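Undergrad: Sequence:
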Amino acid sequence: MNNRQIADMFDRVADMLAIRGDNFHRVLAYRKASETLRALSQPVADIAATGSLTDLPNIGKTLAEKIDEMLETGDLAFYHRVAADVPPELVELLRVEGLGPKKVKLVYDKLGVVTMDDLETAARAGKLRDLPGMGQRSEEKILANLEALKQHGDDRFPLGDAWPLAQQILTELETLPGVTQTAVGGSLRRMCETIGDIDLLVCASAEFAPAIMDHFVNLPLVESISGHGPTKSRVTLLNGIGVDLRVLPAENWGTLLSYFTGSKAHNVKLRERARQRGLSLNEYDFTRDDGGDPILCATEEAVYATLDLPYIAPPLREDRGEIEAAKQGRLPDLIEQNDIIADLHMHSTWSDGKATILEMARAAQARGLHYIVISDHSRSLGIANGLSIEQLREQAAEIKSADAEMGDDFRILHGTEMEIKADGTLDYPDDVLAELDFVIASLHVSLSQTRDQVMKRVFAALDNPHVDMLAHPTGRLIPDRPGADLDMERVFMAALSTRTILEINANPRRLDLTDVNARRAAQLGVKIAINCDAHAPDHFDFLHYGVATAQRAWLTPNNVVNTWPLEKLLRFIN
DNA sequence: GCCGTTTTCGGCCCGACTGTTTTCAGTCG
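Take the first sequence: its position 189, counted from the start at 1, is 189 in this note's numbering, and no numbers get skipped.
It cannot be assumed that every hint is accurate.
Unchecked claim - Computed list of lysine-lysine pairs in PhoX-like fashion (alpha-carbon distance at most 20 Å, straight line):
1. Lys103 x Lys141
2. Lys141 x Lys102
3. Lys269 x Lys327
4. Lys141 x Lys127
5. Lys127 x Lys103
6. Lys105 x Lys141
7. Lys456 x Lys421
8. Lys102 x Lys127
9. Lys105 x Lys127
10. Lys110 x Lys127
11. Lys264 x Lys232
Simulated from the structure, these hints should not be mistaken for laboratory data.
Please read these numbers as outputs of a predicted model, since none were measured by experiment.
Required output: the full structure, derived from the provided sequences and hints.
TA: Okay, here's the thing in structure tokens:
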């Protein structure tokens, strides 16, 4: 079993234990262990092999043994023991909003409900309303939420879908009386690749809050309201995405922002640190155990300062070592968007782009870039109008004239995004590749090949001396396609030894490498590029998603080749 | 079940909102 499968198993066991009514903190231990495994940037099997599983946070003796068991047998006996008490199918019921472990146990014990269909049948028959603690309203709500789940599912939303939506709502809320500041919070502010719901925060004094909330829950794109109070409201939009809004005054802004940015695990660490100092941290303030005046924080900097920590940027707040690093003064000097001076991967009308080479160059220059690589698709990708060898050579002439047109302050390099074909061969011969300034290799087809097959293809590209960069290495698409089954550790080692750059593709449907993989690659010394893969001038807007992913990977400007002057990049690839 | 400036046992974050209550449990974030 791999990291994700073991993490999934721990999550499933946690849900089953919660339904069974086990100690809450025992349940939490399984969930925390799951998070540790998901954040791990190397195979847990490698760590198990050295016997150092318990060095990982949240993995103690018991869970280490369970991980060993799963690695050896592919199964977990404990899971089957719990399953004797709690049918594993019950876990599915937790996806229904408003149903937690207690109520799932209730409907199972009293009505024998196991599946969603059972639940719907029971609700329609009016059997839920007579259960203790439930009534007609609960029954109606469960039916409505079952229906909503069928309609929208409860999948997470791609960052690229949620971000513009959040900005749109905030822009509207900013116009309301009394609103002095707004912000996104939660996983959206941390720029996770997918988000469960949108957290919005508004700064306004209490007398304005009710009107702000009323406006919010009555926005035209609201489908239903699931909570509506003076400081907190929650709605579901027509596309099924949930949006939470919190309103607090300026004196609480820093603690509010910190609290609702999370992650949960990061917050727990902050609160533990507060307790060590005789303080208790919540979204309003720090209260003192000795009963003294609470400490108010109008900024997040003040929150961290109260805990004797430097400011920690939101993309780092995943409890992946950032608090320990902050304590020791070794937080990374994170890459910022204005460090980026080049884009090495884009398309023009020569293949499937929407703009000419010159238009792309001017758009790039307008955004502060100093050089670009035009990298149209290669001949075998017919669907994207890939270039024949003859077309590629014709294109060289146009690149040259466009480059001259742009003047001395901007350079256009001639590249290609070359297919790594399904049979493992490359789409252009070496002598053609030798004519180009920059060669990108990509997987687009036959991504569901076996690990052996697809790794052979990647090695063929990495080992070719003309290939400078591997673009969107796994080929995944969020949320539809998981991507090729690569052994990333071996990809990184090969990239390192062949001096091949690996890409963080900034398109929010890709974000490939992932944050976790990019962090591991950079740790090993692999150089990373952040590229928009622009097919039109406005796709350069994707850059902030790519930079945020790089920040989540703890990358500094030195890890990222797009921060380098052209001469340095050319030295590296040659 | 994990973890240790609270240190091998006894903590483990906590507040808003809802619905069913008549003072609170459950859910959610």
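Undergrad: It remains to establish, for every hint, whether it holds in the given structure.
TA: Each hint, compared with the structure:
1. Lys103 x Lys141: holds (13 Å)
2. Lys141 x Lys102: Cα-Cα ~16 Å, so holds.
3. Lys269 x Lys327: holds (12 Å)
4. Lys141 x Lys127: Status holds; Cα separation ~14 Å.
5. Lys127 x Lys103: holds (14 Å)
6. Lys105 x Lys141: holds (18 Å)
7. Lys456 x Lys421: holds (11 Å)
8. Lys102 x Lys127: holds (17 Å)
9. Lys105 x Lys127: Holds - the C-alpha atoms of lysine 127 and lysine 105 are around 15 Å apart, at most 20 Å.
10. Lys110 x Lys127: Holds - the C-alpha atoms of lysine 127 and lysine 110 are around 10 Å apart, at most 20 Å.
11. Lys264 x Lys232: At roughly 18 Å apart (the allowed maximum being 20 Å), lysine 232 and lysine 264 satisfy the hint.
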